[in-house]
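Novice: All chains should be built: construct the whole structure from the sequences, respecting the hints.
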Amino acid sequence: MQDINTTFARPEGLTDVVTHYCPGCTHGVIHRLVAEVLVELGLRERTVGVAPVGCSVLAYNYFNTDFLESPHGRAPALATGFKRLRPDMIVFTYQGDGDLASIGMAEIVHAANRGEKFTTIFVNNAIYGMTGGQMAPTTLPGQVTATCPFGRDTALTGMPIRMVELLSSLATPAYLERVAVHSPAHIVRAKKAIKTAFTCQKEERCFSLIEVLSTCPTNWGITPGEATQWLDANLKAFFPLGVYKRPEGMQ
Numbered sequence: 001m002q003d004i005n006t007t008f009a010r011p012e013g014l015t016d017v018v019t020h021y022c023p024g025c026t027h028g029v030i031h032r033l034v035a036e037v038l039v040e041l042g043l044r045e046r047t048v049g050v051a052p053v054g055c056s057v058l059a060y061n062y063f064n065t066d067f068l069e070s071p072h073g074r075a076p077a078l079a080t081g082f083k084r085l086r087p088d089m090i091v092f093t094y095q096g097d098g099d100l101a102s103i104g105m106a107e108i109v110h111a112a113n114r115g116e117k118f119t120t121i122f123v124n125n126a127i128y129g130m131t132g133g134q135m136a137p138t139t140l141p142g143q144v145t146a147t148c149p150f151g152r153d154t155a156l157t158g159m160p161i162r163m164v165e166l167l168s169s170l171a172t173p174a175y176l177e178r179v180a181v182h183s184p185a186h187i188v189r190a191k192k193a194i195k196t197a198f199t200c201q202k203e204e205r206c207f208s209l210i211e212v213l214s215t216c217p218t219n220w221g222i223t224p225g226e227a228t229q230w231l232d233a234n235l236k237a238f239f240p241l242g243v244y245k246r247p248e249g250m251q
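In terms of this note's numbering, the sequence shown opens at residue 1 and continues consecutively.
To be clear, the hints were calculated from the coordinates, so they are not data collected in a lab.
Each hint should be verified, as a subset may be incorrect.
Restricting the straight-line Cα-Cα distance to at most 20 Å, the calculated cross-link-like pairs of lysine to any residue (SDA-like) are [as the list claims (entries may be wrong)]:
#1 K195 <-> D88
#2 K191 <-> E203
#3 K195 <-> V39
#4 K195 <-> R32
#5 K236 <-> T223
#6 K191 <-> F82
#7 K202 <-> R10
#8 K191 <-> N64
#9 K192 <-> G42
#10 K202 <-> R114
#11 K191 <-> R10
#12 K191 <-> G242
#13 K202 <-> K236
#14 K191 <-> E69
#15 K202 <-> R46
#16 K236 <-> I161
#17 K192 <-> R32
#18 K191 <-> E40
#19 K202 <-> V39
#20 K236 <-> T154
Specialist: Right, dumping it as structure tokens:
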């Protein structure tokens with residue numbers, strides 16, 4: 001029972017474990033939003049998450065729900081199998097840009113195209129985090145990383161991939177939105193989007209994916225404060241926020 005003076009507490013959807021994330025990383029913010037939504041919708045006790053390979057590989061330690069661990073990029077395939085076996089369960093994948101948009105590209109595209117009724121939380125920080133800051137499929141033109149120290153040369157590597165735009169081109173009904181979590185106002189909007197996505201699954205409507213623009217101060221080589229400013233000035237410009245697709249009849 002919380003003390004009457006408590007104004008901010010750990011949600012029931014998170015375990016009492018300190019995360020391993022770097023200072024200024026917004027994975028923790030996103031974890032909290034997902035956990036709050038699952039509790040508020042009354043879904044926590046029948047939820048199964050699928051952890052990726054990447055910075056959030058240990059997500060199963062932090063969410064107070066059942067969890068599966070996936071091979072690199074294969075979270076949508078694992079989620080598909082489990083959801084088809086147990087359609088009564090709420091299933092979500094939690095994936096970074098390297099996991100989802102690179103090695104897992106085929107998995108997420110075909111899962112969305114089949115209309116698998118699970119939810120994906122896609123964290124886009126424009127860089128590989130856990131493995132040392134290499135260029136990712138979402139790295140911006142000219143952005144410096146460990147594997148492109150002079151900046152991403154799009155003539156050699158192509159342009160960054162905009163995942164919600166790509167998936168929105170599929171004919172299959174889906175709920176797709178891009179949000180950010182670098183300011184209080186954006187966090188509020190991000191939670192609303194995540195809640196809508198899980199509601200789509202609760203109502204057995206459609207596949208849903210929320211892309212979340214996130215900071216990575218460690219691999220961007222800047223301070224946490226500078227990282228929020230860099231996201232606002234650069235990531236948001238290349239990856240515009242908003243709803244990109246919603247199922248017919250959904251308000």
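Novice: None of the hints should be skipped; say for each whether it holds.
Specialist: These are the hints, each one checked on the structure:
1. Only pairs whose Cα atoms come within 20 Å are accepted, and K195 paired with D88 is accepted, the gap being roughly 18 Å.
2. Straight-line distance between C-alpha atoms of K191 and E203 comes to about 18 Å, which keeps the hinted pair within the 20 Å bound.
3. Taking the CA atoms of K195 and V39, the gap is about 10 Å. The hint holds against a cut of 20 Å.
4. Of the pairs offered as hints, the one joining K195 and R32 holds, with about 12 Å between alpha carbons and a cut-off of 20 Å not exceeded.
5. This hinted pair checks out: K236 and T223 have alpha carbons roughly 18 Å apart, not beyond 20 Å.
6. Pair hint K191 plus F82 does not hold up; C-alpha atoms about 25 Å apart against a cutoff of 20 Å.
7. A hinted pair counts as satisfied when its Cα atoms are at most 20 Å apart, and K202 with R10 does not qualify at roughly 24 Å.
8. Under the criterion of a C-alpha separation no larger than 20 Å, the hint pairing K191 with N64 is consistent with the structure, at around 18 Å.
9. Pair hint K192 plus G42 holds up; C-alpha atoms about 16 Å apart against a cutoff of 20 Å.
10. The hinted pair formed by K202 and R114 meets the criterion: a straight-line CA distance of about 18 Å does not exceed 20 Å.
11. Taking the CA atoms of K191 and R10, the gap is about 16 Å. The hint holds against a cut of 20 Å.
12. Taken as a hint, the K191 and G242 pair is honoured in the structure, with Cα atoms around 13 Å apart against an allowance of 20 Å.
13. Taken as a hint, the K202 and K236 pair is broken in the structure, with Cα atoms around 30 Å apart against an allowance of 20 Å.
14. Distance restraint check for K191 and E69: the Cα-Cα separation of roughly 24 Å exceeds the 20 Å cut-off, and the hinted pair is therefore not satisfied.
15. A distance of roughly 11 Å separates the Cα atoms of K202 and R46; the hinted pair therefore holds under the 20 Å criterion.
16. This hinted pair checks out: K236 and I161 have alpha carbons roughly 14 Å apart, not beyond 20 Å.
17. Taking the CA atoms of K192 and R32, the gap is near 13 Å; set against the 20 Å cutoff, the hint holds.
18. Between the alpha carbons of K191 and E40 the distance comes to roughly 11 Å, so the proposed pair stays at or under 20 Å and holds.
19. Taking the CA atoms of K202 and V39, the gap is about 13 Å. The hint holds against a cut of 20 Å.
20. Of the pairs offered as hints, the one joining K236 and T154 holds, with about 19 Å between alpha carbons and a cut-off of 20 Å not exceeded.
Violated hints for the displayed structure, listed by number in ascending order: 6, 7, 13 and 14.
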